[in-house]
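*Asks:* Let's have the full structure, built from the sequences with the hints guiding it.
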Amino acid sequence: MAEIFVLVDHANGQVRKTTAEMLTIAARLGEPSAVYLGPGAAEAAATLGKFGAGRVYAMDSADLTGYLVVPQAEFLAALVGKLKPGAVLIPSNPAGKEIAARVAVKTGSGLVTDAIDVQPGDGGIETTKSVFAGSYTVKAKVTKGTPIICVKPNSAAPQEKPAAGQVVPVNLTISDAAKTAQITEAKEKQASGRPELTEAAIVVSGGRGTGGDFSPVETFADSLGAAVGASRAAVDAGWYPHTSQVGQTGKQVSPQLYVACGISGAIQHRAGMQTSKTIVAINKDPEAPIFELVDFGVVGDLFTVLPQATEKVQASKG
Amino acid sequence: MNIVVCVKYVPDAQADRGFDEADLTTNRESVDGLLSELDEYAVEEALKIAESGEGAVTVITIGPDQAADAVKKALQMGADKGVHVNDEAIKGSDALATSLILAEAIKKVGMPDLVLTGMASTDGTMGVVPAMLAERLALPQVTYASELTVDGGTVTARRDGDTASETIFGAVPALISVTDQINEPRYPSFKGIMAAKKKPVETWTLADLGIDAGQVGAAGSSTEVISVAKRPPREQGEIVTDEGDGGTKLAEFLAGRKFI
Chain A
1 MAEIFVLVDH
11 ANGQVRKTTA
21 EMLTIAARLG
31 EPSAVYLGPG
41 AAEAAATLGK
51 FGAGRVYAMD
61 SADLTGYLVV
71 PQAEFLAALV
81 GKLKPGAVLI
91 PSNPAGKEIA
101 ARVAVKTGSG
111 LVTDAIDVQP
121 GDGGIETTKS
131 VFAGSYTVKA
141 KVTKGTPIIC
151 VKPNSAAPQE
161 KPAAGQVVPV
171 NLTISDAAKT
181 AQITEAKEKQ
191 ASGRPELTEA
201 AIVVSGGRGT
211 GGDFSPVETF
221 ADSLGAAVGA
231 SRAAVDAGWY
241 PHTSQVGQTG
251 KQVSPQLYVA
261 CGISGAIQHR
271 AGMQTSKTIV
281 AINKDPEAPI
291 FELVDFGVVG
301 DLFTVLPQAT
311 EKVQASKG
Chain B
1 MNIVVCVKYV
11 PDAQADRGFD
21 EADLTTNRES
31 VDGLLSELDE
41 YAVEEALKIA
51 ESGEGAVTVI
61 TIGPDQAADA
71 VKKALQMGAD
81 KGVHVNDEAI
91 KGSDALATSL
101 ILAEAIKKVG
111 MPDLVLTGMA
121 STDGTMGVVP
131 AMLAERLALP
141 QVTYASELTV
151 DGGTVTARRD
161 GDTASETIFG
171 AVPALISVTD
181 QINEPRYPSF
191 KGIMAAKKKP
201 VETWTLADLG
211 IDAGQVGAAG
221 SSTEVISVAK
231 RPPREQGEIV
241 TDEGDGGTKL
251 AEFLAGRKFI
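Same order as they appear, the protein sequences are chains A and B. Each residue of the first sequence is one higher than the last, beginning at 1 in the numbering used here. Each residue of the second sequence is one higher than the last, beginning at 1 in the numbering used here.
Treat the hints loosely; a few may be bogus.
Said to hold, decoys possible - Only some residues are given here: those of chain B computed to face chain A with a beta carbon under 8 Å:
#	residue
1	Val128
2	Ala131
3	Thr167
4	Ser227
5	Val240
6	Leu250
Rather than coming from a laboratory, the hints here were simulated on the basis of the structure. Cβ atoms here follow ideal geometry from the backbone N, Cα and C, with glycine treated the same way.
*Replies:* Here it is as structure tokens:
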């Protein structure tokens, strides 16, 4: 069985759920091995082993993490060249996709991004992605080199599959050519205490209809343990940070439940949430296009509907 | 400072986008297209940089005949000249093949001080071509810039991630991709529209770039589409009008679906 690389998605040593999902996918395709860049590999190894990683290739150096993506791509491409894995799975976020892009060029390999499913096929690994604002589903495969596949969050249910999780230190000299875009400062974001937008099972988003007051949206989200998103109109107005934007130019989310509050549902927004399993909307305008998509809709003012709903949710928890 | 902006002609997201049934490529003929909205931010940023000093802004696109519209729009906004790479053999190219063609076209224009791009196209939405171009051209990669300062020989950008907002620093020449947070793209003025008619646009084929047809298109690409399927449209569910009990009804729906 071929080795399948999984580039570990972690925030300062905290292994993200997407990594367990990718290891679960890797186990379908071959023998999962984790690739861990940055500090904290030894601590993460137990978690990685629990989800099937036999080996954890690790390197921790400021040369890797002090520059934008290029050293990481150089490292991964070198490891691919040396160990010839059957495929490489990488988180489908901006940095992950850029690392994948460069590994694909460096190794002469095909690249698929934004995969929502990856399966072993008769003629090679088959990937599934959702395109054109979720209106089409495309299956594709890589025909050259090592399949480089970027996998979106929530693409598999993590399954435990105990393996050794043996840390294998790799020391590679990063070339000067890879160190041309330096990260000179990193301002950590304040943690909201809510789930990560793309990983959350429930997302509650606010738009123009909030008039800038997101408190009923946030309170309702917290009652459900949900992440909070925002439409482009709300972000452009400066009401919510861009990193919370759901839509074509923000995050694409596909939760179990999506609640759109005061969002009209322009194509720009639909591109980011149309593949959600269940969609609910609250909007004053009965003609709002968002209602075309919903499983349940309330025509009304979010400032009265949300607090009432929040109260009922809290009451049901006892 | 000489700047090249790479732009893409994409099917209008408002229209009914789809695929050609014969070869499973994006339908670019029967759906109205336009300059990708996200590329307007790159054109705007290039114009702002050029206006603060000396230099020319060249816009490059790849695509069929209609793709000339994307170049035209950028020229109307104020870019100085355009290049349109148009060759039947390009159809079906994946991101790797596209980045190869763009890299060769940029070399033929003459290596600029800055290569600017949008953060992603609005049709493919992969967001990988900027990194591929930086790799192929061996340029510092300063991508997803939401704020940009070009100062003599250096560039500094703000890149907002999920956990941190980073400052990225590199030397010119560099490749920069910009987000939709960076500026407010201008609308072409009447004067700009008239002036654009006289601006030079060169049309190149693959042969002009020394690229073999087998390196691009469906045959030269490293990925293959197996199938495309239209998602069934969502069926509209129950819509209630709030008469004082909208929140209660919403909670009842969520309870019925086991969310609470």
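*Asks:* Tell me if Ser227/B is really an interface residue toward chain A, meaning its C-beta lies closer than 8 Å to one of theirs.
*Replies:* holds, 5 Å
*Asks:* Using Cβ atoms only, decide whether Val128/B comes closer than 8 Å to chain A, and label the hint accordingly.
*Replies:* At 4 Å from the nearest chain A Cβ, Val128/B passes the 8 Å test, so the hint holds.
*Asks:* Going by Cβ atoms only, is Leu250/B closer than 8 Å to chain A?
*Replies:* holds, 4 Å
*Asks:* When the nearest CB of chain A is found for Ala131/B, is that gap smaller than 8 Å?
*Replies:* holds, 4 Å
*Asks:* So, Val240/B near chain A? Judge it on the closest CB pair being under 8 Å.
*Replies:* holds, 6 Å
*Asks:* Is the interface hint for Thr167/B satisfied, with its Cβ closer than 8 Å to some Cβ of chain A?
*Replies:* holds, 4 Å
Going down the numbered hints, you'll see the structure goes against none, and every one checks out.
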